[in-house]
Amino acid sequence: MLSKLSTLSLLTLGFIFSCSKPSFFMNYKDFNGQWPVYEKVLFTLDEGTEYPVNLMIYIRNNKHYPYSNLFLIAKLKTGDSLLLCDTLEYAMADAQGQWLGKGFLEVKESKLSWRENYQLPAVENINVQLEHALRSYNSEQGIDTLEGIVGVGFAVEEIQEDE
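Residue numbers (my numbering): 380 to 542.
Treat the hints with caution; some may be incorrect.
Derived lysine-lysine pairs resembling DSSO-like cross-links, with alpha carbons at most 27 Å apart [claimed, not checked]:
(1) Lys442 with Lys490
(2) Lys408 with Lys490
(3) Lys456 with Lys419
(4) Lys442 with Lys408
Cβ pair distances, simulated, as ranges [as the list claims (entries may be wrong)]:
(5) Pro431 with Lys454: 17 to 25 Å
(6) Asp425 with Gly476: 15 to 23 Å
(7) Ser492 with Ser515: 21 to 29 Å
(8) Glu429 with Ala474: 37 to 45 Å
(9) Gly480 with Phe403: 31 to 39 Å
(10) Lys442 with Pro500: 34 to 42 Å
(11) Ala474 with Asp425: 40 to 48 Å
(12) Asp473 with Ala501: 34 to 42 Å
(13) Asp473 with Asp409: 21 to 29 Å
(14) Tyr407 with Glu503: 18 to 26 Å
(15) Glu468 with Asn506: 17 to 25 Å
(16) Ser515 with Tyr430: 38 to 46 Å
(17) Gln475 with Tyr430: 20 to 28 Å
(18) Gln520 with Glu488: 24 to 32 Å
By construction, these hints were calculated from the structure, which means they are not laboratory data.
Don't be surprised by glycine CBs; every beta carbon is placed ideally from N, CA and C.
Start from the sequences and build out the full structure, keeping to the hints where you can.
Spelled out as structure tokens, the structure:
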């Protein structure tokens, strides 16, 4: 009986992972429902790729996230060289206030495109830095702690032929 359960579990996991895009790299930084502005999220890729890829950002938020959008500053570096620095805005909720991410419980995950068909340099130790840059309406001061953010992820995905 245990053998049949193990086989069924492995087949189910294989099916789930076969439906997602292959990732060259994927990692998450978890927060306890708050993302402090001073806490930059850092990821390090061991090496670049020989082919173009998609750079994706994942945001996990809960119902305590008080905004309908999110501003991020995303940087890609190798050593002392800055390859990319983008200020990004993403919609997190629709006009009715419904979260756009996926998930059936309190936490929703949004998959956000940073760069598509991007050629990473063929070097070692490529660093990705993400930080939030949200401000309150009519305020020049940034928000110190972003409530409702559970996690931030980064992925380098292979481009599928049907794209």
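A quick look at each hint next to the structure:
1. Lys442 with Lys490: holds, 17 Å
2. Lys408 with Lys490: With Cα atoms ~15 Å apart, lysine 408 and lysine 490 stay inside 27 Å; holds.
3. Lys456 with Lys419: holds, 14 Å
4. Lys442 with Lys408: Status holds; Cα separation ~19 Å.
5. Pro431 with Lys454: 17 to 25 Å: The hint (17 to 25 Å, Cβ to Cβ) holds, given that proline 431 and lysine 454 are roughly 20 Å apart.
6. Asp425 with Gly476: 15 to 23 Å: For glycine 476 against aspartate 425, whose Cβ atoms are near 41 Å apart, the range 15 to 23 Å is violated.
7. Ser492 with Ser515: 21 to 29 Å: holds, 26 Å
8. Glu429 with Ala474: 37 to 45 Å: Between glutamate 429 and alanine 474, where Cβ atoms are some 43 Å apart, the hint holds.
9. Gly480 with Phe403: 31 to 39 Å: violated, 23 Å
10. Lys442 with Pro500: 34 to 42 Å: holds, 40 Å
11. Ala474 with Asp425: 40 to 48 Å: Since the Cβ atoms of alanine 474 and aspartate 425 sit about 42 Å apart, the hinted range of 40 to 48 Å holds.
12. Asp473 with Ala501: 34 to 42 Å: Holds, at about 40 Å.
13. Asp473 with Asp409: 21 to 29 Å: holds, 26 Å
14. Tyr407 with Glu503: 18 to 26 Å: For glutamate 503 against tyrosine 407, whose Cβ atoms are near 22 Å apart, the range 18 to 26 Å holds.
15. Glu468 with Asn506: 17 to 25 Å: Roughly 23 Å apart at Cβ, these two residues keep to the hinted range, so it holds.
16. Ser515 with Tyr430: 38 to 46 Å: Taking Cβ atoms as reference, serine 515 and tyrosine 430 lie about 42 Å apart, which means the hint holds.
17. Gln475 with Tyr430: 20 to 28 Å: violated, 40 Å
18. Gln520 with Glu488: 24 to 32 Å: holds, 29 Å
Of the hints listed earlier, those the structure fails to meet are numbers 6, 9 and 17, in rising order.
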